[in-house]
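Enquirer: Listed here are the chains, written in short residue letters.
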Amino acid sequence: MRTSLTTFLQRAALACAFLPLAAGQDPELLDKQFGTLQQPAYIKHYEADKTGKVLLNPYLQVATKEFPGLLNPKHSPYNWVIDAEGRVGIIQEAAHPYGRTYDKGFYRPEDKSKRKPGTTENYGHVSALGGGMGRISGEILCDKGTNSFTLNNKSGRYSKNNEDRTPEQLVNAAKLIREVVDPGSAAWGPVYYLLEYSPENVREESLKRPDVAYDDAKTKSRPHLVVMAAAPAAPKVEKPVVKAEEPAAKPVAEPKKAEAAATVEPVKGKKAKKPKAANNDDPS
Amino acid sequence: MRMMMLEKPIATALGLGLALSVGWGFATLPLSGAETAPGVTPHVSVLKGQKNFFTGYDTHNIDGTVNVVIEIPAGTTAKYEVSIKTGLIELEQKNGAPRFVQYLGYPCNYGNIPRTILLKEKGGDGDPLDVLVLGASVPTGSVVKTRPLGVLSLIDGGEIDDKVLVAMENSPFASCRSMEDLEAKFPGVTTILKTWFTSYKGRDKKGNLLLSSTGFKGRADAIRLIGDSALDYERSVITEADKRALDEKGNPRLYRWPGAKNLGE
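Residue numbers (our numbering), protein chains in the order written: chain P, 616 to 899; chain Z, 249 to 513.
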């Protein structure tokens, strides 16, 4: 136990050696914008090697204004996480080399959930930070119908079970992602705040809102808020190589002050169809 | 006693200085021909680092940079390469003689990304991913942090032999975000690289260059290639025996990690 803790502390210190604080990045401001730094809720049995080291995702990108990240609709879905310095870590979904595929499904002890047959153990959000502390996090999904990338706060490790992962923080994170990530040939779709991954007090209040939406209105499954409208994107890294096969989606009319206000205003206009969750429906 | 007390910190400082000055610290035989007298070249040269050059370093760092082991410094011609069997850097031998490129020196640093592999069953050569590193010339055995820019597509003897192009951190090229950026800020670099890498092996009997290239692909392709080859490496070395055992019902067990909240316990 002591050896494991010592090893972890050594690795954490080594990891921090590569994280110089950006000039002007006030930690308290980052806490307010993107949520406080939190340890991951858990590390799954396959995510660390024999020495206890959490493997980094092989497609890891850390997006900043100086070096923007790059998305490809063909390689969706992605996961994102805001790190200690306010940078955006982006990883691609891929089967973990220490993971398995369960033909008959399995019972996951971390959240006591039953996983479907054929579920594969993939790299999770922790593979963007090596198991380190993170702020708000979620998914980037490609809506092929509209050729756009949507964002949400779906993360069992850094979003769920935390007190301060609010809709406002998701909006801030989405603005940052749109600034420092190039969606390639796609546009930016809406941003969804999933109430299943929100703090309990936020969830209770949000369920009373008139603009709360559901994946299935009858069963009221997956309640969510549309906190940010779709928007076109300008290339930041490379000129798009693949032309969009579908016509670009018309951006939903943005409400006044929606971009600038600290509080989240309900988005007016048509309710955008929410793309499906990550392929294996893994909420981590 | 006083001498011993003095010797230890001095030796430690010297050792540290030596380690820092050559990257991660190695000391064996002389390096490339650039450090020997004219007409004098190393015949056999093997370099040992503090860690295995193939497996001892991570592919990625937490800040998103990619590690590269430098085999051939810019401007030199000695063909050093990492041995995936031993983890050492060796001067290539051909027919009992050391290999030196019979051409101008390399236009950039040349190396490979640790813990990657281009699988033969996928059309690769079974070796780690080759990298062209833009930046100042650094010694063989240096491990540098880089960011991907693109991919030089090469065909060598009918085989795909792509090289990832990267920019060394803290070099003038580190400001480039893409191949377009590189071309705009540093005109001619891509032409120089393509010309060198398609010409250095010379021509065949028909007068055609032995190597050919379709040009450069973008950063997205570089990210993909690095990720695929890193994943292929890990999957090639990890076996079922390396994975944590399931419980009697075939379900994963709860794993306690010191740096996590360990919810679910």
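Keep in mind that the hints were calculated from the coordinates and are not lab data.
All values derive from a computational prediction rather than experimental measurement.
Be a bit skeptical, because a hint or two may be false.
The calculated DSBU-like cross-link candidates involving lysine-lysine, where the alpha carbons are at most 30 Å apart (straight line), are [claimed, not checked]:
hint, chain 1, residue 1, chain 2, residue 2
1, P, Lys731, P, Lys790
2, Z, Lys491, P, Lys731
3, P, Lys851, Z, Lys465
Enquirer: List in ascending order the numbers of the hints, as given earlier, that are violated by the structure.
Expert: Hint 1 is the one this structure does not satisfy, whereas the remaining hints hold.
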